[in-house]
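Enquirer: Now for the letters of each chain:
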Amino acid sequence: MNALPMTAAASGQVGSPLVNISIFLLFVAVTLVVVIRASRNTKTAADYYAAGRSFTGPQNGTAIAGDYLSAASFLGIAGAIAVNGYDGFLYSIGFLVAWLVALLLVAEQLRNTGKFTMADVLSFRLRQGPVRVAAATTTLAVSFFYLLAQMAGAGGLVALLLNIQSQAGQSLVIAVVGALMIVYVLVGGMKGTTWVQIIKATLLIAGAGVMTVWVLALADFNLSTLLGDAVEAAGNPQLLEPMQQYGASNLTKLNFISLALALVLGTAGLPHVLMRFYTVPTAKEARRSVVWAISLIGLFYLFTLVLGFGAMAYVGQETILAAPGGVNSAAPLLAFELGGVLLLGVISAVAFATILAVVAGLTITAAASFAHDIYASVIKKGVGDPEAEVKIARRTVIVIGVVSILGGIAANGQNIAFLVALAFAIAASANLPTILYSLFWKRFNTRGALFSMWGGLISCIVLIALSPTVSGAETSMIPGADFDVFPLANPGIVSIPLAFLLGWVGTITSKPDENHDRKQAEMEVRSLTGAGAEKATVH
Amino acid sequence: MSTTHDPYREPAAAPAGQTTWEEVQSSGEFQAMRRSFRRFVFPMTVAFLVWYFLYVLLAAYATDFFATPVFGNVNVGILFGLGQFVSTAAITIAYVRWANRSMDAKAAEIGAKVRLTEEGHR
Numbered sequence: 001m002n003a004l005p006m007t008a009a010a011s012g013q014v015g016s017p018l019v020n021i022s023i024f025l026l027f028v029a030v031t032l033v034v035v036i037r038a039s040r041n042t043k044t045a046a047d048y049y050a051a052g053r054s055f056t057g058p059q060n061g062t063a064i065a066g067d068y069l070s071a072a073s074f075l076g077i078a079g080a081i082a083v084n085g086y087d088g089f090l091y092s093i094g095f096l097v098a099w100l101v102a103l104l105l106v107a108e109q110l111r112n113t114g115k116f117t118m119a120d121v122l123s124f125r126l127r128q129g130p131v132r133v134a135a136a137t138t139t140l141a142v143s144f145f146y147l148l149a150q151m152a153g154a155g156g157l158v159a160l161l162l163n164i165q166s167q168a169g170q171s172l173v174i175a176v177v178g179a180l181m182i183v184y185v186l187v188g189g190m191k192g193t194t195w196v197q198i199i200k201a202t203l204l205i206a207g208a209g210v211m212t213v214w215v216l217a218l219a220d221f222n223l224s225t226l227l228g229d230a231v232e233a234a235g236n237p238q239l240l241e242p243m244q245q246y247g248a249s250n251l252t253k254l255n256f257i258s259l260a261l262a263l264v265l266g267t268a269g270l271p272h273v274l275m276r277f278y279t280v281p282t283a284k285e286a287r288r289s290v291v292w293a294i295s296l297i298g299l300f301y302l303f304t305l306v307l308g309f310g311a312m313a314y315v316g317q318e319t320i321l322a323a324p325g326g327v328n329s330a331a332p333l334l335a336f337e338l339g340g341v342l343l344l345g346v347i348s349a350v351a352f353a354t355i356l357a358v359v360a361g362l363t364i365t366a367a368a369s370f371a372h373d374i375y376a377s378v379i380k381k382g383v384g385d386p387e388a389e390v391k392i393a394r395r396t397v398i399v400i401g402v403v404s405i406l407g408g409i410a411a412n413g414q415n416i417a418f419l420v421a422l423a424f425a426i427a428a429s430a431n432l433p434t435i436l437y438s439l440f441w442k443r444f445n446t447r448g449a450l451f452s453m454w455g456g457l458i459s460c461i462v463l464i465a466l467s468p469t470v471s472g473a474e475t476s477m478i479p480g481a482d483f484d485v486f487p488l489a490n491p492g493i494v495s496i497p498l499a500f501l502l503g504w505v506g507t508i509t510s511k512p513d514e515n516h517d518r519k520q521a522e523m524e525v526r527s528l529t530g531a532g533a534e535k536a537t538v539h
Numbered sequence: 001m002s003t004t005h006d007p008y009r010e011p012a013a014a015p016a017g018q019t020t021w022e023e024v025q026s027s028g029e030f031q032a033m034r035r036s037f038r039r040f041v042f043p044m045t046v047a048f049l050v051w052y053f054l055y056v057l058l059a060a061y062a063t064d065f066f067a068t069p070v071f072g073n074v075n076v077g078i079l080f081g082l083g084q085f086v087s088t089a090a091i092t093i094a095y096v097r098w099a100n101r102s103m104d105a106k107a108a109e110i111g112a113k114v115r116l117t118e119e120g121h122r
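Going down the list, the sequences are from chains A and B. Numbered according to the numbering used here, the first sequence terminates at residue 539, and the numbering increases by one at each position without gaps. Numbered according to the numbering used here, the second sequence terminates at residue 122, and the numbering increases by one at each position without gaps.
No lab work stands behind these hints: they were computed from the structure. Keep in mind the model is a prediction, meaning the values are calculated, not measured. Glycine is no exception: its CB is placed at the ideal position from the N, C-alpha and C atoms. Where hints are given, some of them may not hold.
Said to hold, decoys possible - Straight-line alpha carbon distances no greater than 30 angstroms define the calculated DSSO-like cross-link-like pairs of lysine-lysine that follow:
hint: 1; chain 1: A; residue 1: 535; chain 2: B; residue 2: 106
hint: 2; chain 1: B; residue 1: 113; chain 2: A; residue 2: 535
hint: 3; chain 1: A; residue 1: 442; chain 2: B; residue 2: 113
hint: 4; chain 1: A; residue 1: 284; chain 2: A; residue 2: 442
hint: 5; chain 1: B; residue 1: 106; chain 2: A; residue 2: 115
hint: 6; chain 1: A; residue 1: 442; chain 2: B; residue 2: 106
hint: 7; chain 1: A; residue 1: 284; chain 2: B; residue 2: 113
hint: 8; chain 1: B; residue 1: 113; chain 2: A; residue 2: 115
hint: 9; chain 1: A; residue 1: 115; chain 2: A; residue 2: 43
hint: 10; chain 1: B; residue 1: 113; chain 2: A; residue 2: 519
hint: 11; chain 1: A; residue 1: 391; chain 2: A; residue 2: 43
hint: 12; chain 1: A; residue 1: 284; chain 2: A; residue 2: 43
hint: 13; chain 1: A; residue 1: 519; chain 2: B; residue 2: 106
hint: 14; chain 1: B; residue 1: 113; chain 2: A; residue 2: 391
hint: 15; chain 1: A; residue 1: 381; chain 2: A; residue 2: 442
To be verified - According to the in silico footprint, chain A covers these stretches of chain B (three or more CB under 8 angstroms from chain A):
hint: 16; segment: 41–50
hint: 17; segment: 66–78
hint: 18; segment: 88–99
hint: 19; segment: 110–119
Chain A on its own, in the form it takes in the complex (with noise of 0.2 angstroms):
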C-alpha cells in the first residue's frame, strides 16, 4: 500500500524547504548541545538507564508528555477530525482516560518496586528468567510497532515539507532521523532523552497552543462558530456526530469498540512510558509526574479538537487530502494558511523533533530492556559487570536504530495512528494484566504470568495478521492475497480479555512459586510503602 498521493506533486510544494530545514537542524544543534552538557555525569547503569533518578516530578511529566504526544498524536489526531469530523475526537479522549489507569493503579508502585525496565517489577516475586525474556520480548515487540509508526510518520512528513517527493529521497531521509536518534541514545543516555523529551514537549504545546489561538480567533473565540465554519467548508454537518468513520456497520462499529478498549488500557502497558518512571527519585514525585503528563496532554487534546476543525474550515478537505503526506498533513497545512513560511518552518521542525524524540525514547527502552533483562539477568544470571551491561545496551542502540531504519522504509506510507494503535493493543494484552496481577493478587504465580504474556502477544500478532489489513480489502498490505478470517482490525476486544483469562487459568492450574508468600509480602511492602526503593544517585 503506498498512501501518499504521488500525483499530487505538481501542486505539492507548500511554504518554502529551505525554511523548514533550517528550523530544524536549528533544533538539532541545540538539542545535541543539551544531550552533550547533560551526559558528562553519565557513568553507571543506573545514570544511563534511569538518569540517575534525579528528575523531578515536573521535569519527568513534561517528558512523559514528551514521549506520549507522538507524530500519531499531533499529526494523526489533528488529520483525523479534519478528515473525519468528531471521530477524530475520540481517539484522543481514549489517550487521555488512560492516563488514570497508569495512575492510581501503576506508576508509583512501579517507581517503588522496579530499579530499570519493566520486566524489574513483572519478575519481582516470579522466577526471573522465563519471566524476564517474555517481558524483554514484549517490550521489544511494543517498540517495534510503535518505531515503525514513527518512523513511517516521518517519510509522509519529508514528502510535504521538503518537497521530497522520490521514494529514494524519503528513504533517505528516514535514515538520517534514525541516524541522529542514535547519537542522542548513544551520547546521552536516559539523561540526554529526557531533556530532548522536555525541549520537543515543550515547543510542540507552545506551538499548538499558539496556533489554536490564532483559530480561535479566527472564530471570534467562539466554538459554536469554529464548528459551523468546519462543517460548511465540508460542506456536511454530520461531521459533527459520531460514527462517521466507524458507523457504516455493527462489524464497523464492534472494531470501533476494540480500538477504544486497547487505547484506554494500553497506556500503562507501554514500556517507554513505564520506564520514565524510575528517572524521578520517590513514588511521590512519579505521581508528581503523572499529573503534570495528564494535565499538559489534556491540553494538547484540547488543541488538537481547535485544529482540527480549524484545519476543516480554513484549509478544506479536498486540500488536505491531495497534499503528499495526505491525512497527516492537516497540522502543517494550517500552520502555513495561518502563519505562511515561518510558523510552517516552525511547526514541521516541531513535529519532526517530535519524531526524533519519541524515536529516541524508545529505543532506549528497547535496549535497556534487552541489555538489562536478557543479557546481564538471564545470560550473565544477574553476576555480570554492570559497564559491561552498558556496553550492551549501547550496542544494541545501533542494532535497533538499523532496524527502525530499515522497518520504517519499508512502513513508508502506512497509516500511522493504526501502527500506534497495534502498538496499543499488544501493551494491553501482553504487558497490563501480568502487571495488575502481579500488584494486586496475591495467588498469581509464574505460569500465571508466561501464559498471560505470551498469550496476548502472540493472540494480537496472530489475529493481525488473519486481520483486513494485511489481505483481502483493498487497501490491505497484501491485497492480492485473502486470508482476513479474522473480521476486526484491532484485535483489542478478543486478545486483551483472552490475556487476562490465561493470566487466571495459568495460575490456579499450577502450584505457587517456591519463596512464594515471602516474596509476595517483600512486593507488597515495598511497592505501597516505597521501603528498599531504588534511591537517586549523587554525585
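Take the given structure of chain A and dock chain B to it, following the hints.
Expert: Same frame as chain A, now just chain B:
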C-alpha cells in the same frame, strides 16, 4: 546498603521463620493502609472505566442522541467528550489530594519500621 536484600537475584536460602516483610505485611497498620488504598483506587477505577465505556457505547450506538444540538453547533456528543476531560481532571485532583493526605505519612512511617525491624533481626 544492606538493610534490604537485592530482589533481583534469587535468594541463596530462605531464612527460617518470618521475614521482616512478612511481619510488616501482617501488621495491623499495614493492613489498614492497604485497605484504605484499595478502597480508594478500586471504586475510582471502576467508576472512570464505566463512564468511559458509557461514552464509547453511546458514541457507537446512540449517534442520534449525540447529534442533538445543545447551543449553536455544539451538540451532546461534543459536551460528553469534553465531559471526559473534566472527569479525568477531577479524578486526578481527587486522587492526588487523597494520596498526599492519607498515604505519604503512613508509607514513610511503615517504611521506617521496616528498617527498624530489619535491624532487630540482626
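Enquirer: Now tell me, hint by hint, if it's right for this structure.
Expert: Each hint tested on the structure:
no.	hint	in the structure
1	A:535 / B:106	holds, 19 angstroms
2	B:113 / A:535	holds, 18 angstroms
3	A:442 / B:113	holds, 23 angstroms
4	A:284 / A:442	holds, 25 angstroms
5	B:106 / A:115	holds, 23 angstroms
6	A:442 / B:106	holds, 22 angstroms
7	A:284 / B:113	holds, 19 angstroms
8	B:113 / A:115	holds, 22 angstroms
9	A:115 / A:43	holds, 16 angstroms
10	B:113 / A:519	holds, 18 angstroms
11	A:391 / A:43	holds, 11 angstroms
12	A:284 / A:43	holds, 26 angstroms
13	A:519 / B:106	holds, 22 angstroms
14	B:113 / A:391	violated, 39 angstroms
15	A:381 / A:442	holds, 26 angstroms
16	41–50	holds (count 5)
17	66–78	holds (count 9)
18	88–99	holds (count 7)
19	110–119	holds (count 4)
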